[in-house]
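Model the full assembly from the supplied sequences, consistent with the hints where possible.
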Amino acid sequence: MNMQQNPQLRKKNIRTAVILGVIAVVVMLLSVPFWINLFKLAIDLPG
Amino acid sequence: MSSTVLDHDVGHHEHHGPPAGIGRWLFSTNHKDIGSMYLIFALVMLFLGGASAMVIRAELFMPGIQLVDPDLYNNLVTNHALLMIFGAVMPAAAGMANWMIPLMVGAPDMALPRLNNLSFWLLPAAAVMLVLSFVVPFFPGGGSQINTGWTLYPPLSLQVGMAMDFLIFAFHLLGISSVLASINIIVTLLNMRAPGMKMMKMPIFCWAWLVTAFLLILVVPVLAGGVTMLLFDRHFGTSFFIASGGGDPVLFQHLFWFFGHPEVYILILPSIGILSHVIPTFARKPLFGYHSMVGAMLAVASIGMVVWAHHQYTIGMSLAAVNYFMIGTIIISIPVGLMIFNFIATMWRGSMTFETPMLFAAAIILTFTFGGLSGVMLAVVPADMQYHDSMFVVAHFHYVLLPGAVFGLFAGVFYWLPKWTGHMYDEKLAKIFFWTNVISFNITFFPQHFLGLAGMPRRIIDYNVMFTEFNVVSSIGGILFGLSHLLLLYIIVKCIRGGEPAPARPWEGAEGLEWEVPSPAPFHTWETAPEVK
Numbered sequence: 001m002n003m004q005q006n007p008q009l010r011k012k013n014i015r016t017a018v019i020l021g022v023i024a025v026v027v028m029l030l031s032v033p034f035w036i037n038l039f040k041l042a043i044d045l046p047g
Numbered sequence: 001m002s003s004t005v006l007d008h009d010v011g012h013h014e015h016h017g018p019p020a021g022i023g024r025w026l027f028s029t030n031h032k033d034i035g036s037m038y039l040i041f042a043l044v045m046l047f048l049g050g051a052s053a054m055v056i057r058a059e060l061f062m063p064g065i066q067l068v069d070p071d072l073y074n075n076l077v078t079n080h081a082l083l084m085i086f087g088a089v090m091p092a093a094a095g096m097a098n099w100m101i102p103l104m105v106g107a108p109d110m111a112l113p114r115l116n117n118l119s120f121w122l123l124p125a126a127a128v129m130l131v132l133s134f135v136v137p138f139f140p141g142g143g144s145q146i147n148t149g150w151t152l153y154p155p156l157s158l159q160v161g162m163a164m165d166f167l168i169f170a171f172h173l174l175g176i177s178s179v180l181a182s183i184n185i186i187v188t189l190l191n192m193r194a195p196g197m198k199m200m201k202m203p204i205f206c207w208a209w210l211v212t213a214f215l216l217i218l219v220v221p222v223l224a225g226g227v228t229m230l231l232f233d234r235h236f237g238t239s240f241f242i243a244s245g246g247g248d249p250v251l252f253q254h255l256f257w258f259f260g261h262p263e264v265y266i267l268i269l270p271s272i273g274i275l276s277h278v279i280p281t282f283a284r285k286p287l288f289g290y291h292s293m294v295g296a297m298l299a300v301a302s303i304g305m306v307v308w309a310h311h312q313y314t315i316g317m318s319l320a321a322v323n324y325f326m327i328g329t330i331i332i333s334i335p336v337g338l339m340i341f342n343f344i345a346t347m348w349r350g351s352m353t354f355e356t357p358m359l360f361a362a363a364i365i366l367t368f369t370f371g372g373l374s375g376v377m378l379a380v381v382p383a384d385m386q387y388h389d390s391m392f393v394v395a396h397f398h399y400v401l402l403p404g405a406v407f408g409l410f411a412g413v414f415y416w417l418p419k420w421t422g423h424m425y426d427e428k429l430a431k432i433f434f435w436t437n438v439i440s441f442n443i444t445f446f447p448q449h450f451l452g453l454a455g456m457p458r459r460i461i462d463y464n465v466m467f468t469e470f471n472v473v474s475s476i477g478g479i480l481f482g483l484s485h486l487l488l489l490y491i492i493v494k495c496i497r498g499g500e501p502a503p504a505r506p507w508e509g510a511e512g513l514e515w516e517v518p519s520p521a522p523f524h525t526w527e528t529a530p531e532v533k
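Sequences listed follow chains A and B, in order. Okay, so the first sequence: first residue is 1 according to the working numbering, each after it adds one. Okay, so the second sequence: first residue is 1 according to the working numbering, each after it adds one.
Some hints here could point you the wrong way.
Unchecked claim - Straight-line alpha carbon distances no greater than 25 Å define the calculated DMTMM-like cross-link-like pairs of lysine to aspartate or glutamate that follow:
(1) K12(A) <-> E508(B)
(2) K11(A) <-> E527(B)
(3) K431(B) <-> E531(B)
(4) K12(A) <-> E531(B)
(5) K40(A) <-> D71(B)
Unchecked claim - The calculated label-pair distances, taken between Cβ atoms and stated as ranges, are:
(6) P33(A) <-> Y324(B): 15 to 25 Å
(7) Q386(B) <-> P33(A): 28 to 38 Å
(8) V25(A) <-> G316(B): 45 to 55 Å
(9) P33(A) <-> P501(B): 29 to 39 Å
(10) L319(B) <-> Q8(A): 54 to 64 Å
(11) P7(A) <-> K533(B): 22 to 32 Å
(12) L489(B) <-> P33(A): 19 to 29 Å
(13) R459(B) <-> P7(A): 48 to 58 Å
(14) V25(A) <-> G161(B): 29 to 39 Å
(15) V25(A) <-> P155(B): 43 to 53 Å
(16) P7(A) <-> G337(B): 27 to 37 Å
Keep in mind that the hints were calculated from the coordinates and are not lab data. We treat Cβ as the ideally placed atom computed from N, Cα and C, and that holds for glycine.
Written out as structure tokens, the structure reads:
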């Protein structure tokens, strides 16, 4: 895009993108302990 | 959706059009160029993935081992799935998102154009890794071929040679590309809509992509975590999935399917979005149930995220867990049924014409519903114990993914080709393509239901002679199905090179901002935001 976004919109876009990126990273980092513990819980359920 | 344009300014900036040379493509930040690159990339991958499928069907034409050895067969099965899912369908949907979302919401481009460039160019790098994972074993010291299928289950995936490492890195690159593209789409839809376009006035294709993008952000990182743990088990002495070290391979199955099941909706929802434009256009009626459509997509995404273990009924879960996953899975048929109902209600008493996009839409309603019904059969635990790992499952997911994702993308290609190229495609050839494609698809996959019910296992190169007849029919259909895509290629190339000039609104019933811009869409559009009432 050759057109410049207005600075406020640009800032808002980057801020939203950073929030979403942080969510993605947090999901990845939390997934390992979360799944290991949920898995342990699931195999301990009475069946 | 409303699209009354009070003020718009399009097509006035051709004087600063695209830069010349290869730089235009390498450094492009233009959403239309990047969209085109995604679509071309997807088309190439479609043919690579299709070629591997045709070798598989050729081998299964007769019982016994004819063309390839069992290792190569397993490698082809893996390769076919990965190329089609990550190489063809997801990039094609992303290409359409890139092309159409800014046009539809009245934005001059995606919110983060440089990030858009990076998202695309990670894909060829990932594709190289993916292809290397296929070919590396053929070189001296390359190790064994990948025989795990796309699910990469340990302990098998721990035993494969270095090809698996290439594949894991391919997954990482694909994941980063998908997450970055999703972030861009969400930011564009949240922040870049034209004045007056409230969320509930957004075109349904945009809603479909908003839901898809959030799904991607929530599930792809889990896959990234899973394959990273796999990499650590392979090379750094950890035992996440190694039973002898205190780990459990079933944990990987949970991690994989937490991504893998929502992935089905990631593939299907963009096509549902496309249908929500195609059907109203050719029925010449507004979409029936806009709000319920949005609700249904949100419901499919949220319920779809919590039912992953229906892919793993046979691992020995507790009865409570199995019941939960069964009921949850069957509940998904409610919002999916609602979508189908909305499509039928949109067609009801409409002034329908059957141009190629609408033909594909009608075929999708029939065949996708059929795939959904076999899905309900597979959701039922005691039945699934019988069908599991049989050709019935192969038939089921091809009936879901080909109509639900691929046919929807074909409908989108024919619907938007005039806008992309400025030319009308050859309708007669397109209809021949449609009939060849849909009939041969059914010849290929319908008999596989019977093969599965009779007990033929999936992912095995050889089979009992009692399965021969249906396999012969399926293989003939498969080869025809594969070859029919050459006609698609011809139609697209012919349309790009010339043809009847397309007006800005080539379809009588089409509505939305994207049809306000000329065809082909100028290099820069909506530099002045339109106002939507």
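Item checked: Violating hint indices (sorted, rising) -> 1, 3, 5, 8, 9, 12, 15 and 16
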